[in-house]
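Participant: Please model the entire structure based on the sequences and the hints provided.
Take a look at the letters that make up each chain.
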Amino acid sequence: MTDLFSQFAVLGSSLSLLFAVFLLWRRSVGAYVTAFAWQSAVLAAVTAMVAHFGRDPQLYAVAAVFYLLKGVAVPALLRNMDRRFGPVREGEPYVNAAASVLVAGILVLVAHAVMRPIVAVSDLPTRAALPLAMGLVFVSLFVIVSRKKAVTQIIGFLMLENGITLLAVLGAYGVPLIVELGVFLDALMGFLVMQVFVYHIHETFESIDVDELSGLKH
Amino acid sequence: MILAILLGAPLTAMLLALVLPARAGGRAAAASAVVSIAAAVALWTSVSRGEVAAVGGVLRADALSTLLVLCIAVVAGLAAWVGPGLWGREDLQDSQIRRYVVFSNLFTFTMLGAVTVNNVGLMWVAIEATTIASAMLIPLRVSKPSVEASWKYILIGSVGIALAFVGTVLAYVDFAHHAGAREAALTWTVLLAAAPSLHPEVMRLAFVFLLVGYGTKAGLAPMHTWLPDAHAEAPAPLSAMMSGVLLAVALYAVMRWKAVVDLALPTPFTDELLVALGLLSLAIAGFSLVAQRNYKRMLAYSSIEHTGLTCLGLALGPLGAFAALLHLVNHSLVKSVMFLLSGRMYRRYRTTDLAGVTGLLRTMPVTGALFTAGMLAVVGLPPFGLFLSELALVRAGFARGRYGLMLVVLALLALAFISLVVHLNRMLHGPARAAVDRGEDDRLALVPLVVCLALVVVLGVVVPSPLARLLVMSAEILSR
Numbered sequence: 001m002t003d004l005f006s007q008f009a010v011l012g013s014s015l016s017l018l019f020a021v022f023l024l025w026r027r028s029v030g031a032y033v034t035a036f037a038w039q040s041a042v043l044a045a046v047t048a049m050v051a052h053f054g055r056d057p058q059l060y061a062v063a064a065v066f067y068l069l070k071g072v073a074v075p076a077l078l079r080n081m082d083r084r085f086g087p088v089r090e091g092e093p094y095v096n097a098a099a100s101v102l103v104a105g106i107l108v109l110v111a112h113a114v115m116r117p118i119v120a121v122s123d124l125p126t127r128a129a130l131p132l133a134m135g136l137v138f139v140s141l142f143v144i145v146s147r148k149k150a151v152t153q154i155i156g157f158l159m160l161e162n163g164i165t166l167l168a169v170l171g172a173y174g175v176p177l178i179v180e181l182g183v184f185l186d187a188l189m190g191f192l193v194m195q196v197f198v199y200h201i202h203e204t205f206e207s208i209d210v211d212e213l214s215g216l217k218h
Numbered sequence: 001m002i003l004a005i006l007l008g009a010p011l012t013a014m015l016l017a018l019v020l021p022a023r024a025g026g027r028a029a030a031a032s033a034v035v036s037i038a039a040a041v042a043l044w045t046s047v048s049r050g051e052v053a054a055v056g057g058v059l060r061a062d063a064l065s066t067l068l069v070l071c072i073a074v075v076a077g078l079a080a081w082v083g084p085g086l087w088g089r090e091d092l093q094d095s096q097i098r099r100y101v102v103f104s105n106l107f108t109f110t111m112l113g114a115v116t117v118n119n120v121g122l123m124w125v126a127i128e129a130t131t132i133a134s135a136m137l138i139p140l141r142v143s144k145p146s147v148e149a150s151w152k153y154i155l156i157g158s159v160g161i162a163l164a165f166v167g168t169v170l171a172y173v174d175f176a177h178h179a180g181a182r183e184a185a186l187t188w189t190v191l192l193a194a195a196p197s198l199h200p201e202v203m204r205l206a207f208v209f210l211l212v213g214y215g216t217k218a219g220l221a222p223m224h225t226w227l228p229d230a231h232a233e234a235p236a237p238l239s240a241m242m243s244g245v246l247l248a249v250a251l252y253a254v255m256r257w258k259a260v261v262d263l264a265l266p267t268p269f270t271d272e273l274l275v276a277l278g279l280l281s282l283a284i285a286g287f288s289l290v291a292q293r294n295y296k297r298m299l300a301y302s303s304i305e306h307t308g309l310t311c312l313g314l315a316l317g318p319l320g321a322f323a324a325l326l327h328l329v330n331h332s333l334v335k336s337v338m339f340l341l342s343g344r345m346y347r348r349y350r351t352t353d354l355a356g357v358t359g360l361l362r363t364m365p366v367t368g369a370l371f372t373a374g375m376l377a378v379v380g381l382p383p384f385g386l387f388l389s390e391l392a393l394v395r396a397g398f399a400r401g402r403y404g405l406m407l408v409v410l411a412l413l414a415l416a417f418i419s420l421v422v423h424l425n426r427m428l429h430g431p432a433r434a435a436v437d438r439g440e441d442d443r444l445a446l447v448p449l450v451v452c453l454a455l456v457v458v459l460g461v462v463v464p465s466p467l468a469r470l471l472v473m474s475a476e477i478l479s480r
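Protein chains in written order, with my numbering: chain A, 1 to 218; chain B, 1 to 480.
Derived from the structure by calculation, the hints contain no laboratory data.
Just so it is clear, the structure is predicted and the values come from calculations on it, not from any experiment.
Here a beta-carbon is modelled for each residue, glycine too, at the ideal position from N, C-alpha and C.
It is possible that part of the hints are untrue.
[Unchecked claim] What follows is a list of derived Cβ distance ranges for each label pair:
#, chain 1, residue 1, chain 2, residue 2, range
1, B, Y403, A, S28, 51 to 61 Å
2, A, V95, B, Y403, 38 to 48 Å
3, A, E203, B, D437, 30 to 40 Å
4, A, G30, B, I418, 52 to 62 Å
[Said to hold, decoys possible] Quick look at which bits of chain B chain A covers, simulated, 3 or more residues with Cβ under 8 Å:
#, stretch
5, 133-139
6, 151-157
[As the list claims (entries may be wrong)] Some but not every residue of chain A turned toward chain B, in silico, with C-beta under 8 Å:
#, residue
7, I144
8, F157
9, L160
10, I164
11, L167
12, A168
13, A172
14, P176
15, I178
16, V179
17, G182
18, V183
19, G190
20, L213
Facilitator: Given below as structure tokens:
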């Protein structure tokens, strides 16, 4: 049983990591949104699984809210944005696809090295998946710094948040509920404000390419 | 009770601003700011008696919280009294004034919340919320630079703060492993009690994430890149609040975690990291000041310099912590006055270029004189408070035997001193552009600024004993 739990945890984390790496070789923002929605669904499933095996009914509620927020509402808003600007495509990124995937591989290795003390300390059956969660955090960071469209950066940020949620769920079966609620609220508000700013960028620069945002120096 | 009033005041002002006409909302906000300051002073007297104010298990204010609460209440009050909504002369529309009053009060509320919650997870939530509230105000006037600055701010700020949450989660994972997952597990007091049994390797990793995360928000180099843009493009009263207290609130989060991590680690690991980032901030700010062409960016880089200095102080033991906290208070007062004055200058000169502002003493005699006094305070000359706190900081460094470090710090401070004084000199004298009017308007708005500068002079002569007591108590919390 613990074996099954541990294998599911690794499977779920690997899938969510794959959805992040997917961003590195595709160019269409529509596909990014789909990847993000799937990643959120997988994460909700992992959370529900931890609720089942860890016997923590509270986590079922967290999984449900998470799915509604990150798996349904946010992707719908993102698609709406994508439609409004016409289908957005990433131009030539700062780092090309092949090199990006290579970097992602290295980042996952780094995550394994960084997480060694935690994995050594933990005795939860989910511990083997912890480095993958940290890998997701690192790869999302890389997406944010290496891609040029504001919408892609938002999706990178949302995936970063997903990575942290995964880390908390796998590492400690979720943070205390009151904190979880605050985090949900912040995530939603933060996303809405970012969305407002993308519209601002679109209106003032007539593009959502952050390359255009280079007026402020020194 | 005091805490409820303290947090309720900005929240009430925000709700009133939503329903009242814009200018009435501004007056309500100014009134609520006075209530906040009164509540902060009441908190100060009760905490000085050795009490710890608490509401349930959620809110808790000890000496360190109170110190920050005082700074936030005073600076927010200053911004409310000098900022949009009270005076007739702004070129803002009513809808912009309303937006400003609503979000600036939300901003104040989130900052006060961040320093009074006992749960470090909720502290993170509140600090993340400060980013959201303040980012909404940067493009108060939508323009290319303000949109660019606000995007940079919210993206870098949110990513940074997300990394701080990674650190929080890592610490929680370790805690939950030792003590079992509990609702109270992320409470600072519980965490502190459990700290000696936490795993050093894990806490070290967690602290790196926490320092990078909150350090981004505090404007520590090399994560400072959003700061000059955001401070330069934000409306002046918001710049005053961001520079005066937001950076301090982010440092406060670092301090709380440092207290926990120090107990878990056998080596002064946190001190070394703080010294490294503090020194780098001082160096980058110092060299950026030399070639500065924009006076608001100049003030922003000077804030990076002072944050770096505070950071260094925190790494220098109890004496250093005392000096750092005193420096934090001084910087809050001076820098918010400076940004508010820069707003007056901008309204007259219509430019943020250093080269565009000349003959300041002749065009705006009072503003010019106050700006001069403030700048001399910022560079650390007596009789201003920053002189005393920098002196105390350097003495703390020498007392710890860090001679080399302190010599480098002094050299960097001298570099900042020279560049700031040279820039100031160019602004004060010379002929003003013909199109610029002479004389001051809204003289009454200068009164709170004069009061604040007078306080800094008082702090430069002697640290009054109630404040000294609060500082000592706070320093004790940080270094046990």
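Participant: Of all the hints numbered above, which does this structure not satisfy? Sort the numbers upward.
Facilitator: none
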